[in-house]
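With these hints in hand, go ahead and build the complete structure from the sequences.
Taken in order, the sequence shown gives residues -24 to -1, 1 to 294; the numbers are from mature numbering (1 follows the signal peptide of the UniProt record, and there is no 0).
Hints are computed from structural coordinates only; laboratory data are not their basis.
All figures in this text were calculated on a predicted structure; none of them were measured in a lab.
Cross-link-like lysine-lysine pairs, in silico, PhoX-like; alpha carbons within 20 Å at most:
1) K231 with K199
2) K248 with K231
3) K209 with K199
4) K231 with K255
5) K270 with K169
6) K165 with K270
7) K196 with K231
8) K209 with K196
9) K20 with K270
10) K165 with K248
Here are the computed distance ranges between Cβ atoms for each label pair:
11) S256 with N158: 24 to 32 Å
12) A249 with P106: 48 to 56 Å
13) S87 with T10: 32 to 40 Å
14) N149 with D288: 22 to 30 Å
15) S267 with S13: 20 to 28 Å
16) S13 with T141: 26 to 34 Å
C-beta atoms are modelled at their ideal positions from N, C-alpha and C, and glycine is treated no differently.
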Amino acid sequence: MASSTAGGHCFLLALLLLSSAAYGQLSENFYAATNCSNLDEIVKREVSRTLFTVPPPDGGRRMGASLLRLFFHDSFVQGCDASVLLDINTDVRKGRIILSSEKQASPNFNSLRGFDVIDRIKDEVERNCPGVVSCADILALAARAAVVALEGPTWPLLLGRRDSTTANMTEANNALPGPNSNLDELIGKFHNKSFNARELVALSGAHTIGQAQCQFADPKQQKARCPNGVVGKTASLDVHTPEVFDNRYYGNLTKDGLLHSDQVLTSRDDVKAFVEEYKSNQDTFFRDFASAMKRMSELGVLTGTNGQIRTDCSRVLN
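If you want it as structure tokens, here you go:
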């Protein structure tokens, strides 16, 4: 047991050291001296157009939650490297997979959205400054822009990430929390990424916007929240203000949390205390959410000569 604990500490220390080394090569002004100095404005403009002008299903306010979720699912697997955007690559003649795709992993399959939004931003960026800006940076910026557009907080975002040349479907299946996760599983998976219980609860506040598939709803909630059945149906994660990024989500958890993984946040007093704190103080929630998002945006980033700058976010360069 002692050796196992020591090994876990060594793993976390190594993760922190690697993150710190990459962090040193990131900068808020990374693109200032390039033709893409207006990158943030390009991203904000397209995200705003998508949320407020493009009709569903390709746009609408719900797409803001989809972009945030897409970024989370990227960051928790291999780090913030745009690996989640890669399509599967197969050699038909030899009948083998050359590159697996995280899109095929159970937590992502037929549920992740927002790929077209990232592609549109990437196309415009490539027209302005080809081969300069990574898909990983675009995804990080789009997630922040979506939260701000829906009245949520902003956070400092360092840039200079590069794109991975690999994807990891196995890690996606293992590292990402699921809708039926219990509290110990949630705490463990966030701890593996060096987040504590308070940050788990803060980041769970992302469920203040968006919807979930009814098939994943807690059985106690399905009848009330999904009266027309569960197949192909969705329900809002926040029953009160599903299209506004606020702290109302935490008020739902005492009785109306849609997912089991939401409701379990109130199952232990020390964790429930964070729920109550954020429920009563939106400013505190915004502060802690922004801080945790900044830290998440720096997980496992590739910098310098590591990785590449993809021209097509769904494919590695040849």
